[in-house]
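Chemist: Sequence:
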Amino acid sequence: MISGPADLHTHSTHSDGLCSPGDLVRAAATVGLAALAITDHDTLSAIPIAQPEAQRLGLHLIPGVEITADYRNRTIHLLGHFLDPNHAPLQSALLSLRTARLQRLSQLADRLEHLGYPIDLNALRSHWPRASLGRRHLALWLARTGQVQSPEAAFLGPLADHQTADLPSPRLPWADALALIHAAGGTSALAHPPRWLTLADLARLQAAGLTALEVDSPRLSRSRSGSLRQLANRLNLVPIAGSDFHAPDRPGSFVGRLSTPANILGQLLDRKMQPPSTRFS
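Its first residue numbered 1, the sequence shown is counted upward by one per residue in the working numbering.
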């Protein structure tokens with residue numbers, strides 16, 4: 001039993017965050033969290049690195065991941081919590097996603113070169129040697145090399161959605177992603193739910209095994225958060241929260257800014273302990 005709050009959505013330098021796994025653990029302990037989930041994109045590689053520091057500080061480290069999934073030709077993000085980091089089928093699927101990410105990165109770099117923004121991919125890989133590289137790293141590199149004023153400017157300019165729409169992020173089929181998370185012993189949550197998802201869509205995800213709904217995150221307004229809590233209650237989904245922390249690059253951005261209280265975390269653990277045949281009812 002975890003006796004205090006948990007931040008269930010954070011990112012480290014092993015994906016697109018700017019803080020090391022150890023830094024995340026120390027930040028979580030400093031703000032009084034009892035538990036922390038590191039949910040890097042398509043990788044669990046931060047977990048064994050963060051674990052010794054978590055043990056030293058008495059913090060419960062929750063092995064997690066954020067998987068980009070395809071749902072009816074649109075993108076959703078699924079969080080896995082309490083995973084077995086050594087589960088071979090999950091690791092194989094994540095490796096395939098990371099390989100596809102690197103291919104997309106090379107294509108994006110070629111496109112930026114054509115637009116007049118040269119990218120040194122070898123230097124970029126050397127600067128973030130452990131990261132699951134993606135569009136955010138290109139934005140950071142453009143800012144670092146003075147080609148744009150800030151990463152935000154890159155996303156408004158050469159990396160804008162209309163420039164990269166035909167190079168979508170690699171995605172797993174949503175049902176496969178849910179199945180892998182649960183096969184690895186974890187619970188699943190829909191991160192920052194998009195507004196286009198209907199009640200019927202959420203019910204379909206829940207019937208296929210979705211455990212929880214992220215009802216509070218920095219991207220959500222108070223009214224939207226309230227609506228999501230109602231949906232979670234209606235569909236018997238656990239209402240979780242997380243900071244979606246990437247970097248302390250703006251006011252109010254810190255690990256634990258939003259957290260899941262201990263009683264809700266207990267509900268999530270109860271779902272994890274249920275037999276697979278009854279967990280999704």
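No lab work stands behind these hints, which were simulated from the structure alone.
Glycine included, each C-beta is placed from N, C-alpha and C at the ideal position.
A couple of the hints might just be wrong.
Claimed, not checked - Simulated restraints on C-beta separations: (1) Pro218 / Ala160: 32 to 42 Å; (2) Gly157 / Ala183: 13 to 23 Å; (3) Gln230 / Thr75: 30 to 40 Å; (4) His114 / Leu235: 39 to 49 Å; (5) Ala183 / Leu269: 13 to 23 Å.
What the hints assert, rightly or not - 25 Å max Cα-Cα, derived DMTMM-like pairs, lysine to aspartate or glutamate: (6) Lys272 / Asp84; (7) Lys272 / Asp176; (8) Lys272 / Asp201.
Chemist: Is it true that Ala183 and Leu269 lie within 13 to 23 Å of each other by Cβ?
Modeler: At roughly 18 Å between Cβ atoms, Leu269 and Ala183 fall inside 13 to 23 Å, so the hint holds.
Chemist: Does 32 to 42 Å hold as the CB distance between Pro218 and Ala160, or does it fail?
Modeler: Violated, at about 21 Å.
Chemist: Would you check the hint for Lys272 and Asp201, treating anything up to 25 Å between C-alpha atoms as holding?
Modeler: Status holds; Cα separation ~23 Å.
Chemist: Starting from Lys272, check that the Cα of Asp176 is at most 25 Å away, please.
Modeler: holds, 18 Å
Chemist: At the C-beta level, are His114 and Leu235 separated by a distance inside 39 to 49 Å?
Modeler: holds, 46 Å
Chemist: Quick one, are Lys272 and Asp84 close enough, alpha carbons at most 25 Å?
Modeler: Distance of about 12 Å is within 25 Å: holds.
Chemist: With 30 to 40 Å as the target window, see if Gln230 and Thr75 comply at their CB atoms.
Modeler: violated, 24 Å
Chemist: Is 13 to 23 Å respected by the C-beta to C-beta distance linking Gly157 and Ala183?
Modeler: Cβ of Gly157 to Cβ of Ala183: about 41 Å, so the range 13 to 23 Å is violated.
This entry does not satisfy hints 1, 2 and 3, going by the numbered hints stated previously.
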